[in-house]
Amino acid sequence: MTPTVLTVNAGSSSLQLHLVRDGRVVRTEHSEHSPDPAAAERTLSDFLSGADTEVTAVGHRLVHGGEAVRAPAVADDDVVEAVRGYADLAPLHVPPALALVEAARRVLPSVPHVLCPDTAFHAGLPAAAATYALPAEWRRRWGLRRYGFHGLSYAWATRRAAELLGRPAGEVNLILTHLGGGCSVCAVRDGRSVDTSMGFTPLEGVPMSKRSGSVDPGMLLWLLSFARLTLEELRDGLEHGSGLLGLSGGLSGDTRDLVASSEEAAALALDVFAYRVSREIAASAAALDRLDALVFTGEIGWDQPEVREAVCGRLPLLGVEPPAVTDVDRDGVVSPPGARLPVLVVRPREELQVARETLAALSRPGGGGGRP
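To convert a position in the sequence shown, counted from 1, into the working numbering, add 40.
Since the hints were made in silico from the structure, they are not lab data.
Per label pair, the in silico range of CB-to-CB distance:
hint: 1; residue 1: G210; residue 2: S54; range: 31 to 37 Å
hint: 2; residue 1: L264; residue 2: G90; range: 46 to 52 Å
hint: 3; residue 1: W182; residue 2: L264; range: 15 to 21 Å
hint: 4; residue 1: L269; residue 2: R179; range: 26 to 32 Å
hint: 5; residue 1: S301; residue 2: L357; range: 28 to 34 Å
hint: 6; residue 1: D116; residue 2: P377; range: 50 to 56 Å
hint: 7; residue 1: E107; residue 2: A364; range: 42 to 48 Å
hint: 8; residue 1: G281; residue 2: G258; range: 18 to 24 Å
hint: 9; residue 1: L357; residue 2: R179; range: 30 to 36 Å
hint: 10; residue 1: G164; residue 2: G359; range: 24 to 30 Å
hint: 11; residue 1: D329; residue 2: D276; range: 39 to 45 Å
hint: 12; residue 1: W182; residue 2: G359; range: 39 to 45 Å
hint: 13; residue 1: V365; residue 2: A305; range: 28 to 34 Å
In this text, a Cβ means the ideal position worked out from N, Cα and C, and glycines have one as well.
From just these sequences and the hints, can you work out the full model?
Structure follows, in structure tokens:
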């Protein structure tokens, strides 16, 4: 019997459920509200009650696995408890994900559950890319290093881009950017991540919908001194009031709203966003000795042509030309014919990558440990 995988993707304020069989989604549900933990079991049960297939495994997207889970791992009690120790590194994502893991294990106690961390794709980052210029004692004591995120998205997009280029996935050199509620850039050499803009937490890197991205740490110290801001005020501002929302003066954190707006603040937000993304893309080129394509993915990267054009227009030194194709309905090349560097758009399909990694983990000897 062909296995059917239930994939669970609990975001900070959303929930996506998919049933995946033979590489295809056969049932889906998407809510813009992450369910209350008390209602999670009912949500899962209602979703499964309408299915005409038996679930053989459950795959859970996990934003931050820390050192506890560096590869897809079966979610037994010990693994879940170990991940809980890293929840404060991604407080918007890990707690709701673990709540869904516990609910799903109660609803489906007899099938294996697998944690698929976004950090796994970047687990092999070279030391030069993974190491922060901080005191060695701090790094040893608290495990301070660059973890990187959006790995499930990048793993899927790398494979799809290789297919579109007609090359083996293990031979492509790419710069990819995942643009959505969270945003990042990743350099891939020979199919493997060698640098990425997000770091110890998903707060580092380019500006996002409501998250700041990288800012001067000296400025943060200044804001914390002399009671200018409390730690909680600073955290809330960086995670919920910054990014596109903060740049636009509270107008919106959604690029679609900003593109449609005639407000000067909206134009500034989009300009800063496109500049910072293009700057990070250019910086990522330092990790490569050859560049085969620039790849856009994520919700914004997939369906916001104005943002793609604004980013590409700042990268002529990399051989990037503004896209000739704006409206896309399938993965493909959007750069003009004959462009020196192909620009690709790949639809984000994290649910298919989670299903793939879940089955791969269960097929390994020992059922997928994932812990060092």
